[in-house]
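Number of protein chains: 2
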Amino acid sequence: MSELLKLSQLIESEIINIKFPSSPCNLYDPLNYFLSIGGKRLRPVLTLLATELGGVQKEDAINCALAIEVFHNFSLIHDDIMDAAPIRRGKVTVHEKWNSNIAILSGDVLLVKAYQLLAKQKSQHIPELLTLFNKTAIEVCEGQQMDMDFETREFVTVDEYIEMIRLKTSVLLGCALEFGFIVSNNSISNRKKIYDFGVSLGIAFQIQDDLLDLYGNPDKVGKQVGGDVKSNKKTLLYLIAEKNAIDANKEQLNRIKNESNLELKVSAIQKIYDELGVRNETAGYLTKYYQQAIDLLDSIETENDKSAIMEMVNYLFNREH
Amino acid sequence: MSELLKLSQLIESEIINIKFPSSPCNLYDPLNYFLSIGGKRLRPVLTLLATELGGVQKEDAINCALAIEVFHNFSLIHDDIMDAAPIRRGKVTVHEKWNSNIAILSGDVLLVKAYQLLAKQKSQHIPELLTLFNKTAIEVCEGQQMDMDFETREFVTVDEYIEMIRLKTSVLLGCALEFGFIVSNNSISNRKKIYDFGVSLGIAFQIQDDLLDLYGNPDKVGKQVGGDVKSNKKTLLYLIAEKNAIDANKEQLNRIKNESNLELKVSAIQKIYDELGVRNETAGYLTKYYQQAIDLLDSIETENDKSAIMEMVNYLFNREH
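Protein chains in written order, with this note's numbering: chain G, 43 to 363; chain E, 43 to 363.
Treat the hints loosely; a few may be bogus.
From the derived model, a few chain G residues whose C-beta atoms are all more than 10 Å from chain E [said to hold, decoys possible]:
{"hint": "1", "residue": "68"}
{"hint": "2", "residue": "75"}
{"hint": "3", "residue": "120"}
{"hint": "4", "residue": "139"}
{"hint": "5", "residue": "155"}
{"hint": "6", "residue": "175"}
{"hint": "7", "residue": "177"}
{"hint": "8", "residue": "184"}
{"hint": "9", "residue": "186"}
{"hint": "10", "residue": "229"}
{"hint": "11", "residue": "285"}
{"hint": "12", "residue": "294"}
{"hint": "13", "residue": "353"}
For lysine-lysine, the following DSS-like pairs were computed, each having C-alpha atoms within a straight-line distance of at most 27 Å [said to hold, decoys possible]:
{"hint": "14", "chain 1": "E", "residue 1": "177", "chain 2": "G", "residue 2": "177"}
{"hint": "15", "chain 1": "G", "residue 1": "82", "chain 2": "G", "residue 2": "348"}
{"hint": "16", "chain 1": "G", "residue 1": "162", "chain 2": "E", "residue 2": "177"}
Since the hints were derived computationally from the structure, they do not count as laboratory data.
For clarity, every value in this text was computed on a predicted model and none was experimentally measured.
Glycine included, C-beta positions come from ideal geometry on N, C-alpha and C.
Given the sequences, and given the hints that come with them, work out the whole structure.
In structure tokens:
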């Protein structure tokens, strides 16, 4: 069994072991439900990988790894309310299955639960873990707010978009990895490198996600092609198209937003994107952040083996695009 | 100037000094707004009083005192969404002034901000402060869930009600006080006593609040008489009436709920409550928890002066009833 699979199974069994009281059931049933519907558990696996790279046993970091995963689940429950999302991981979302009030309050409890897990780490590490976790949690909220603001804004730049995905999704990967280096008492310089590695990795991964929506193999990606196009989502592809568009293209882009034949919409957008060199330019951004991540990982000074983390990187970027 | 006034002015000026970034403004404007509309700042004053009783400078506990107040404000922002409350402290609530999504997310940031303030305390105290804060935060959410559950439940016992107010409002007073004893390195035994003192004080205060709704002097209480009766709120008064009612009273109580003439409703309820001895029995509960609080305060072993805390107790229970 690969190291990654072992770590993710360890996390899964620990997540299932998180027990909430039986009462009040309207507070805790949603949490037992939401934590049990799975997910890839990438973030806590990153913590354990960094802990081992730091030269200590993964068991020493299990609680802060779980804190990261529990925080991530809190943010999904609240984001799903805000986005009015009916489905998450193929299952009904908490606010749909119960109601928004219950989703707000059980989300709140889950955020506190993340801090409770963090507090189980060794006393000597708690202040540093807490400081990094707080900063990250606030940035994730800022990213979510920017994402919501972008929906109603007429014009968003590529830089603003990348800053949004940095905050909304990437800093949590950086935090997850740096947790492993805090627990293993690594140097400040190495801590910064692994954090930045996580952030670049996260940005590259999100850009890949945008690319795969239109150019991925639907069998491998596991999603319909062009979902983002159909819902007029402002992805990096769209923002690059908008940036490169001359007046005629802009008119086309605007007109196509209201196209009710969704297959036609996707193929029309693909044609415009082809004219504007969108795929290549997006792939350029992906390569830039991917390479940044690899260089940062290389620069970490350690005698220990980086192959398990590289296995994770390969796993993340091995989807068809 | 009294010690209480000095402490509350110190807290007020520190709260005003909490600076949020200017952007994203939809995330931070609501927080600047909500923290600026005041409140009595009782909880952080309790922390500073306990710190001084513990024999150290109040400045040593300022950040954990602020954490308590910021947490309290987080819980109000989210509770106001759940209760669909239009007004708080005489001002429009966050979800009304902006919208529910903004109130959810800025509430989340405020909860993290509380932890950020906590993390500014001396490292040696952070693990214990964090553990107590986490437990308390979860209990406050449990109390809010019980309160919401009670609205739609047909029958609620007096014991269940007191457990609800213990969780929803009283444990935070206990936590605020114990924070002062953690920072001043007090004994475990004294820590438990001051925590329990805060919980009993909180329960007594909430019972007084229920009593004053119907039997207070409206000029002193600053609220209309019978607000809880008008909205059919299940207060301790109502639950005691229900407990003591014989069939004929039960029918009356049920009928009166739908009375549209609110003045008539209040006077009819008062008449039923008089028949059922509700005021005296509620006052009995108030006295019991008030006395418990005083006894616990007395039992704290210290050479230091308890008069400032007694001044606070007198302030809290000096309203007309």
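Evaluation of the provided hints:
Annotated as non-interface, residue 68 (chain G) brings its C-beta within 10 Å of a C-beta of chain E; the closest such distance is 6 Å. With a least CB separation of 15 Å from chain E, residue 75 (chain G) remains clear of the 10 Å interface cut-off, as annotated. Distance check on residue 120 (chain G): its Cβ comes as close as 6 Å (rounded) to a Cβ of chain E, failing to clear the 10 Å threshold; non-interface status is violated. At roughly 16 Å, the least C-beta separation between residue 139 (chain G) and chain E is larger than 10 Å, which holds for a residue marked as non-interface.
In this structure residue 155 (chain G) is not separated from chain E by more than 10 Å, as the shortest Cβ-Cβ distance comes to only about 7 Å. Non-interface call for residue 175 (chain G) relative to chain E: violated, since the shortest CB-CB distance, roughly 8 Å, does not exceed 10 Å. Non-interface status of residue 177 (chain G) relative to chain E is broken: a Cβ of that chain comes within 10 Å, the nearest being about 8 Å off. Not every C-beta of chain E lies more than 10 Å from that of residue 184 (chain G), the closest at about 6 Å, which undercuts listing it as non-interface.
Interface exclusion of residue 186 (chain G) from chain E breaks down, the closest Cβ pair being 6 Å apart, not more than 10 Å. At roughly 19 Å, the least C-beta separation between residue 229 (chain G) and chain E is larger than 10 Å, which holds for a residue marked as non-interface. The beta carbon of residue 285 (chain G) sits about 22 Å from the closest Cβ of chain E, which is more than 10 Å, so the claim that it is off the interface holds. Distance check for residue 294 (chain G) against chain E: the nearest CB is about 31 Å away, which clears 10 Å, and the non-interface claim stands.
At roughly 33 Å, the least C-beta separation between residue 353 (chain G) and chain E is larger than 10 Å, which holds for a residue marked as non-interface. Between the alpha carbons of residue 177 (chain E) and residue 177 (chain G) the distance comes to roughly 22 Å, so the proposed pair stays at or under 27 Å and holds. For the given pair, residue 82 (chain G) sits about 21 Å from residue 348 (chain G) by alpha-carbon distance, which is consistent with the 27 Å threshold. The suggested pairing of residue 162 (chain G) with residue 177 (chain E) holds, with an alpha-carbon distance near 13 Å, which does not exceed 27 Å.
Figure legend: structure checked against the earlier numbered hints; hints not met, in rising order: 1, 3, 5, 6, 7, 8, 9.
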